Amino acid sequence: MYRRCCFYFQKGVVVYLRYLDSQDLVSSAGLKHTLPKEGPSWEAVQKRKRMSVTNLSPADPLSGLLPSGTGKARRERSKVVCSPVTDKDSDSVLALLVVECDALTPEEHSYLTFFENQLLVSYKRLSRTVRWSPLVNGEKQVDDKSILQLCADLHDADSETLQLKLLSYIAEMTKASAGYILFVDTDCKEMFCQVIGERVLSHEWRFPIGNFEGCYGKLLVTKMPLQLCDMTKEEQEELEKYLGLHLRSLLCVPLLSPLTQQVVAVMCMVNKMAGKVFAQEDVAAINYCFQFTAAMLHSALALAKARRQQSQTQALLSIARNLFTHIDDLTTLLQEIMQEAKILTNAERCSVFLMEKETNELVAKVFDGDTQAGTESAAAEVRIPGNQGIAGHVATTGHVLNIEKAYEHPLFYRKIDELTGFKTRNILCFPIKDRAGEVIGVAELCNKILGSAFTKVDEDIATTFSIYCCISIVNSLLYKKVQEAQQRSKLSNELMIYHMQVTTEEVAQLAEMRIPPPEFFNKKFSSFSFTPRVISYADTPLAVLTMFEDMGFITKFRINKTYLCRFILMVRKGYRDPPYHNWSHAFAVCHFCYIMYKNLDLPKYLDDIELLALFVACLSHDIDHRGTTNSFQIASDSVLAALYSSAGSVLERHHLTQTMAILNTDGCNIFQSMGNTNYQRTLDLISYIILSTDLAHHLRIMEELKKMSQAGYAKGNPGHHKLLLSLLITSCDLSDQTKDWNTAKRIAEMIYQEFFKQGDLEKSLGRDPLLMMDREKACIPELQIGFLESIALPVYSLLAKFFPAARVMVDVMQKNRQMWKKMKGRVKKMDVVTGTAMDSLLATDADESSSNGSNSEPATQL
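So that you can map any letter, position 813 of the sequence shown is 813 in full-length UniProt numbering, and since no number is skipped, the others follow by simple counting.
Note that these hints are calculated values from the structure, not bench results. Keep in mind the model is a prediction, meaning the values are calculated, not measured. Be aware that one or more of the hints could be misleading.
Calculated lysine-lysine pairs in the DSSO-like style (CA-CA distance at most 30 angstroms, straight line) [to be verified]: (1) K604 to K524; (2) K715 to K604; (3) K598 to K815.
What follows is a set of in silico ranges between Cβ atoms, one per label pair, in the way DEER data are often shown [claimed, not checked]: (4) A294 to G421: 47 to 57 angstroms; (5) G421 to T34: 51 to 61 angstroms; (6) E107 to G214: 42 to 52 angstroms; (7) V200 to K49: 16 to 26 angstroms; (8) V200 to G421: 33 to 43 angstroms; (9) R248 to K79: 35 to 45 angstroms; (10) E703 to T555: 31 to 41 angstroms; (11) T34 to E198: 34 to 44 angstroms; (12) Q149 to D89: 17 to 27 angstroms.
Backbone N, C-alpha and C fix where the C-beta goes; we use that ideal spot for every residue, glycine too.
With these hints in hand, go ahead and build the complete structure from the sequences.
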């Protein structure tokens, strides 16, 4: 590359070009000299400044560089001027001017400076020309046929094979024992090597060039070749360790991109054969070869990079799948995170800290895959302040911290190494952030394996990996919260079930009783006119057993009597004691289902499982009712609303949940004798029927019910079965409205007591209740008339279309409506408006009710 150039200035002036930035000088006469290691010439080169000496001694090494030589007489008081030609970009001396004269005038000094500048420009131009020119001294240094053959051989897709072929060729051309190529990774600010001689490295040899320090860093700046003498002793020893051989000679040639003129790679040849040193011809041969092979090598490297990125992506996806399978155990998850992080970055150790917001501390229970609690001597967890040390700094700033030399970093706490005996060389610490960018944890990797330090590639991998860490950790923490919530819910359910538990004596007492016939309770027990509320609270469980027996369910489904008794008693205990939605209401509803079975011939329309599900759903459809409406639960942000509001029908879903909880209690599963198919179908039907008790659901399907009544019921149509079950459960739920006037009036009193309690509660919360729940505004007769006309009568009118025998209930309701109208007229005469003032009206004697028919039992038993 360095072609000899000679410029004669005048007699007494000689130009020496410095050869390959070494101590060798080539004069304008083509003679080789060695730069003296002392005297004015050495001082001029070292200080990069013009030096002069008077009466130079013949013994001075500089005398050998003078134009007059050492053997000729020199005039007295003659001066010798040594002027270095320095490239300011690379801070290297390219040439040395030696002038022998009496004295230099200011004009000659200026002319000499001008000459140096011209020499510098010419040298650079010539250097670039030589670097990229195939001709050196007018002759080709490389055989074109061999170059073409090399290019033909470079068809491999992987860069390692290409490098092996290229290194073999250049080693042969330059008579080198071995070689290697250093590639420049500008993204990571690193250099890396994949092949040394005939050996493909199992792991890339990478080292940073961030500050352009060291011999390779300077080479990237100067873009000039370097030899073994340009390296420090430490650099030589480190290189010998990587190469695995003793260095006698070395030539490192920067390969420049023709487009950017930046160094893209460095071709390095080691140990010139026959004990020789590398020369300018070797540099020219390498550059000439690179002109033909650069494109293929660049493409192979780009392909290798793409494959490496694809491999990293696949590895990260595999890691993500692995991490997400361990979200059920945070400790195991953290162990997996640390193990995967070490594999991805080739680190020796890893620690993961989680940020605890309450205390602003970083907490670690796992170190390098070992749970601290696993050893007796270790603490259960390690806590460090969230703003101290390397991990604290990363947690505070949210930025990756890559420390090449740990012991030189001010944040490193070396006492831990002293206690454990572990030697920390370098550290890569990265934050784990959530979607909002908030740091939830920190991972700290120690000691890069097969490398001097963690690289920019490691930083990028760690940053990407941290996203998967965050997702898995956040999900694990959420999963833990869900588990804790489920456990709390389970405990609450167990507590509730415990308080709902009935004693063994109660169950045994009921189970030992003979099941009486319906007439035992009342001659009209199976008729629509009977009011079930007259049966005492204590007798209701036995009455339910009677209905189960009379409908044939106990025999058909082989229901265990003890289980059935326990189920009935637990359901009864599961009801609270609001004025209306209590056990008496549940008993009345299931009794109406029984009398429909007895009087409307339901088995012709529904199968046995549907009828059983309907009866059981009637019994438990309002279990644990709170005496408030769905809208109130939602508006008050109650616990029930939080659980069920997204699906709608808040209370109905709670009733269903409680029903299933009782069925799942030991000794309460009355369906245990069923096969799996029938068992699941029964539960599904109960679920559908209980959810259908929401009047909002009834109003939604009203048009479909009307169409079915007009078209006729089709027993083979599953949709008709569901519609009919919805209509039947609504009829059962509103059945109090089909009783005599005295009963209907007392039921209204109970309903509005419950409504007014909710209204009072809403007022205490600063909200305006609905009119029917405001005791100061509600007119009960008017509200009852509206309810009968808009809800109740349409329901039973539809029922009568399917079952003509149900017409009797419509007639009773019509009479009740007339009674409410009379009471409304009385309200107007008395100028009574509010619900509070209507107590006397609701307590009206039974004279008026006698004409509407009533049971012989006293009303006080309601």
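Okay, the hints, checked on the actual structure:
For the suggested pair K604 and K524, the alpha carbons sit about 24 angstroms apart, so the restraint of at most 30 angstroms is met. Under the criterion of a C-alpha separation no larger than 30 angstroms, the hint pairing K715 with K604 is consistent with the structure, at around 9 angstroms. Note on K598 and K815: the hinted pairing holds, with a Cα-Cα distance of about 24 angstroms set against a maximum of 30 angstroms. Judged by the Cβ atoms, the range 47 to 57 angstroms given for A294 and G421 holds: they are separated by roughly 50 angstroms.
In this structure the hint that G421 and T34 lie 51 to 61 angstroms apart at CB holds, the actual value being about 52 angstroms. Range check, E107 to G214: Cβ separation about 44 angstroms, and the 42 to 52 angstroms hint holds. About 49 angstroms separates the C-beta atoms of V200 and K49, a value inconsistent with the hinted range of 16 to 26 angstroms. Look at V200 against G421: about 36 angstroms separates their beta carbons, and that is inside 33 to 43 angstroms.
Look at R248 against K79: about 42 angstroms separates their beta carbons, and that is inside 35 to 45 angstroms. Between E703 and T555 the beta carbon distance is about 40 angstroms. The supplied range of 31 to 41 angstroms therefore holds. Remark: the range hint 34 to 44 angstroms for T34 to E198 is upheld by a beta-carbon distance near 36 angstroms. Between Q149 and D89 the beta carbon distance is about 38 angstroms. The supplied range of 17 to 27 angstroms is therefore violated.
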